[in-house]
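*Asks:* These are the residues of each chain, in order.
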Amino acid sequence: MLPLLPFFIFTAFFLIWPVIAVTLRSFKGNKNEWTLANYRPILHKGPYFHAFVTSLKLSITTAVIGSILGAFFAYIIVKYARGKFGAVIDSISAVFANSGGVPLAFMFVAAFGTEGIVTKLLKDFGWDIYAGHFTIFSFTGVVLVYSFFQVPLMVLVFKPAIAGLRHEWEEASINLGASPFTYWRRVGIPLLVPSFVGAFFLLFAGGFSAYATARALTVGTVPLVPIIIGTLVDGNVISDQANLGDALAVGMILVATVAMAGYIWAGRRAARWRQS
Amino acid sequence: MRKFTLKWPLITTASLLATFIFLVPLYGATLFSFKGNGGKGHSWVNYQWLIHADGFYPSLFTSLKLAVLAAALNLLLMVPTMVYLNLKGQRFKSLVDFLCILPLIIPVVSLAIGAQVAMPKFLQNTQYELVFFFVIIALPYTYRALDTSLQTVALKTLVEASRSLGASWTRTIIRVIVPAIRSGITGALFLTFALSIGEYTITSLLHWETFPTWTVVAAQQNILGAIAISVFSFVGAIALLSAIALFSKRGSQRVEVEE
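Chains as they are written, first to last, in our numbering: chain A, 1 to 276; chain B, 1 to 259.
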């Protein structure tokens, strides 16, 4: 036990204590009295409620796109990219999955901004992407940028599940008279569903918590919960409730906890057949 | 025979999609970063602006310094912890595992707000407070990296051999265990370094200036320059993470040979 003490003290002080402290303060009013008032603006319709809806919409959309495209890529990679090439794709995925943040935002401005390379190229082909409501600084723009790290994250997380499908299972079902379609419908896809759901939750949690990319890209044009917390902290927006930001932060922890509980639950279901 | 007809259409679709999602933005940004004054011609002008810009070197230096410290502290904390866990502390493993997963669950924004509430004033007054939070953010990855490589070596045998030959615990860890799990250590080291040097959320919410936060401010003056910074950072990240992949591959091969 003794050699573990530094670790426990460190995490207790720098991880657990901040979470407890912010939770406690979220129940305090302006005069330091206990209250639920900070949570009221989140639960009633208004800008803060709307921010949670937008954040949830963003994280669900990017998780759907990321998990479907990522699963497709993972399948192709497992099936066709073996050996050295597969290893190269692995490390590229790792780089891209961790590449969220400020540089990513500016790279997409260069490509899909009003003067962007892709925007101009598409215009030459007769498709003006800025003819409608689209801008890179809008909700759709953020979705596009988030795909850049959500898709490779899905590849990383989901590839082991596809690689774990044993060849014998496919052969067995084909020997028993199944068509490849039947094999996927009755064996392959049911086996992959738990891993897929788990990965979806992970992508959802990541998209929900992401701050840097959206902050650098939108500068507040898309109202997301983390961005609003940021503006409250910076004092750019003054609320008559001093500890409103704390309540928003606790709300985020709750959403993320539900998502990660889903991730862990799905992971256990997926592990059931993998070990046997 | 079905597979043969499907193979190339599938690969083509995947390659086209990958090109669109990944290569096009990279290519676009690179091209943009070489645009000349007023968007005409091609030149190094944006990169020249970058290295002469106010705050480029100081913020880069701060980021490097904090990242090195975070990587060092991380190893100092986690190597003994993980060795003990795998040697004697099995019953604490699920608890430590859970604590190390927590930074993935708790949104970094929430952690930053919590830090503002909870940290004592003397820590909040120095930029070195960031080092501790960089270590926290890196925990999920460090845990995985060290645990994987510790499980590939015969830890008990190594420790017993070293101790029975009269080596102290410190000496055993430094001279026997560390070389044996070199791949995990380099992985943890580079990952912590990479995460720390690119960290934006906690840094900006706690109002410190490092390279990423400086970038956002600089972008407001010169967007082409900001794109040049982004290309510079991205290429740096790719180089760093490729180095991790290379090092950890080599390290794991060594361990296999030794066994």
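There may be inaccurate statements among the hints.
DSS-like, lysine-lysine: derived pairs with alpha carbons at most 25 Å apart [as the list claims (entries may be wrong)]:
(1) B:K35 / A:K120
(2) A:K79 / B:K156
(3) A:K28 / B:K121
(4) B:K35 / A:K123
(5) A:K84 / B:K65
(6) A:K57 / A:K45
(7) B:K93 / B:K35
(8) B:K156 / B:K88
(9) B:K65 / B:K7
(10) A:K31 / B:K88
(11) A:K28 / A:K45
I should point out that these hints are in silico values taken from the structure, not numbers from a laboratory.
None of these values were measured; they are calculated from a predicted model.
*Asks:* Please write out, lowest number first, the hints stated earlier that are contradicted by the structure.
*Replies:* Hints 2, 5, 7, 9, 10 contradicted; others consistent.
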